[in-house]
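Position chain V with the ligands relative to chain L; hints supplied.
Line by line, the protein sequences give chains L and V. Residue numbering for the first sequence is 1 to 228, as defined by our numbering. Residue numbering for the second sequence is 1 to 304, as defined by our numbering.
Hints in this document: simulated from the structure, not taken from any laboratory. Be a bit skeptical, because a hint or two may be false.
[What the hints assert, rightly or not] Incomplete in silico selection of chain L near chain V, CB under 7 Å: (1) Pro16; (2) Pro75; (3) Arg78; (4) Arg79; (5) Cys83; (6) Val106; (7) Ile107.
Each residue gets a CB set at the ideal place from its N, CA and C atoms; glycine is no exception.
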Amino acid sequence: MITMRKVGKTYGTDKPALHDVDVDIEQGEFVFLVGHSGSGKSTFIRLLQRELLPSRGQIVVAGQDIVKLKNWKVPYLRRNIGCVFQDFKLLPNKTSYENVAFALEVIGRSKHVIRTQVPEVLRLVGLEDKMESYPDELSGGEQQRVSIARAFVNRPPILLADEPTGNLDPATSLGIMSLFNRINKTGTTVLVATHDREMVDSMRKRVIALENGYVVRDQHRGVYGYGD
Amino acid sequence: MAINVGYFIKESVTSFRRNWVMSLGAVITIYLSLLLVGLSMVTGYLVSEVVKSVEDKVSIQIFLKDGAATADVEALQGWLLRDELVEAVNYVSKEQALERFKEEMAGSPEIIDSMRENPLPASLDVTLNDPRTVQEMVERIKAQELFVQVCDRPDDPEQSLKYGQQIVDRLFAFTRIVRLVGVVFVAMLASVSLIFINNTIRLAIYARRKEIGIMRLVGASNSFIRAPFLLEGVLQSLLGAGIAILTIVAIQAAVLPRLQEALPFLPVDVSTAAMLQLSAVLLGAGILIGLLGSGFALRRYLKV
Ligand SMILES: Nc1ncnc2c1ncn2[C@@H]1O[C@H](COP(=O)(O)OP(=O)(O)O)[C@@H](O)[C@H]1O
Ligand SMILES: [Mg+2]
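Extracted from the complex, chain V is given alone in its bound form:
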């Protein structure tokens, strides 16, 4: 079969040059759709890394009402410390809370100046052994009588709890939307690229109808007649996929360091393994689009 590989590649290249406008259109649309797939994968990856890092730091804050009985607070603290899910409990007084807030808001002193009295509640900061148990721990706290007695807002105890799960949930909601929009765009672009491939292959079949007629006449097998066209579609897609991968690598090299500078507290980095996996997915998707596009065209326009 060694001679055939050369023959097929020669045929595909000739055909690409003959129909270069259509072929270029196919390559560009495949490039764009795979680029979008790749970028949304990178975004998703970064978000999940961020989520992981947030989870690492996750803790539950219990806000306490002003003037809660010290004995009750200490009883609650003791109860929390006895729970096997809890690693540590830290009491933060109103004054400490204000100090923290002032530090965070150092950039905008007018907010601090505008505060006449300390609006911040005292709190118990609960650190857990395993961040995945946040929800479970929250439920246990809510069921605890002591908590309702000392919490900042007895009318709605839920509001007196702040925990990372909410941030995590919001991040996930955000990525869901990104993903949905991405899927719609990618589906549109992918169908456009299928149409382009379909057309290039149709033109290629038309340009080679004489050769095809003779091949059928002398008994070339169906797969032999089809192979150059399938290969042509696949080569176009691989070209598009290759450029998409290069673009993503370039974007990653240019943008990520700056993003990291801007967000020093978040882990903005894509591992080599993740990049390799991404490349494999894009190449695979490219091959699939190429095979589908030329496969449709062959079914419709090449009767063997």
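If we strip away everything but chain L, and leave its shape as in the complex, we get:
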């Protein structure tokens, strides 16, 4: 589902943010991307979204060589990739329902599809009672659930999350992770960038560890790391 070959990324003239990354992620996998702040996790995610182009190497996502992908086709690639961020990125003047519906409206889905899929996905994330609430009326965990609902409402085959629990307390984070697990069980490939050690250690999923832009470890049923 995701293949990276000898991928490097250098911002400007700085030292590279990613070096020679070789990674294969199969359909339906659940993968943690771990590393200190500044190790290159966000760069990794943004390359897969084609928010960034790599300085060198080849990236294939959902069967498409995204380095060679024409600009006008990028939106269609992104419809196959749900994204979740630390800061939720919800629109403050829209309710939970409207925030999720917005994602379908702007890719031209019909009213009928919106009316059936939005409540369904909000139920999946456990927010059936908060559909009419605005973001400032929701807790951090609830806001993150809305943003996950928005990322997943179009049933993309891939879900990327960049520090999704960075702003949440441990108990809430656990709830969010189990939600990712449920989504992964539906066959969706899930990639979560995090530096939440306990979470990674408790879930026992595949772990890719980055350090100064190098992949230093790629381990199935792994833990966050040794020592530090």
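Just chain V with the ligands, lined up with the frame of chain L:
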């Protein structure tokens, strides 16, 4: 796509209200530039109508010197009548010319009183079958020996001929100047309106940067993201164009009847067909300005 049209219009209206100062500036400058375009088109139209009516009446006057031999004048008249371009030739004597002049100048008798003798020459008035052949006929007359013999000013025969072409040429020279000045003004106003639209769209993009970010994230197509902004620019221009058309219609209704009263001998009227054509041109120009202005802004400020 039915849902999208409503969505785009809602977005444009919201955005217009959010940036109403800039939007109003854009509408006003577009209005002014299109109003100028429209007014100069109406003027041009009226002038060309007048020119046409002058052409209808066009004739060539050949002024004769005092004491020209009657035989020569009659020979020239005969030669003219034989020419296939000529419809009629009318001899006007010195006395008749003076009578005509007195009639025309009835409003200012002091001019007539101040004339001691009759300064007006006799003339041959030549009417043509087709007014477009005036120049050609003038050339034929100038080449004619008889003409040089009898004309009022043998030293400069050209001066003994008077024909409508000169009026027509002067009218055209006048409209050329009007048009040039108009083009300069319109170009200035159009660039100001482009700057205004550019700015409103920039502000609109800024105000909606969060939505835009999410649209890109969830895979809204580039055209879908751009459409509301393009539409906003076009709506502003159409508004300006619409008001400009209404103003021109109002001016036409208020001013033309009075102008017609003042100039009863000229056809001062704009046909409905010409008005429709004018409206179409202004709306088209409006759409073009709107698309250009927001297009520039999108290229510069909206990276999709
Ligand atoms: N837009 C950018 N411009 C320049 N340098 C950047 C940019 N984004 C990230 N970096 C640098 O790239 C490196 C990796 O950053 P990032 O991918 O954000 O790491 P992480 O998400 O693991 O904290 C860091 O050294 C960071 O300073
Ligand atoms: Mg990061």
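Status of the hints after comparison with the structure:
1. Pro16: Since chain V brings no Cβ nearer than about 24 Å to L:Pro16, farther than 7 Å, the hint is violated.
2. Pro75: holds (4 Å)
3. Arg78: This interface hint holds because 4 Å falls under the 7 Å limit.
4. Arg79: Since chain V brings a Cβ to about 4 Å from L:Arg79, closer than 7 Å, the hint holds.
5. Cys83: holds (6 Å)
6. Val106: holds (4 Å)
7. Ile107: At about 6 Å, which falls below the 7 Å cut-off, the nearest Cβ of chain V leaves the hint on L:Ile107 intact, so it holds.
The structure fails to meet hint 1 from the earlier list, while all remaining hints are met.
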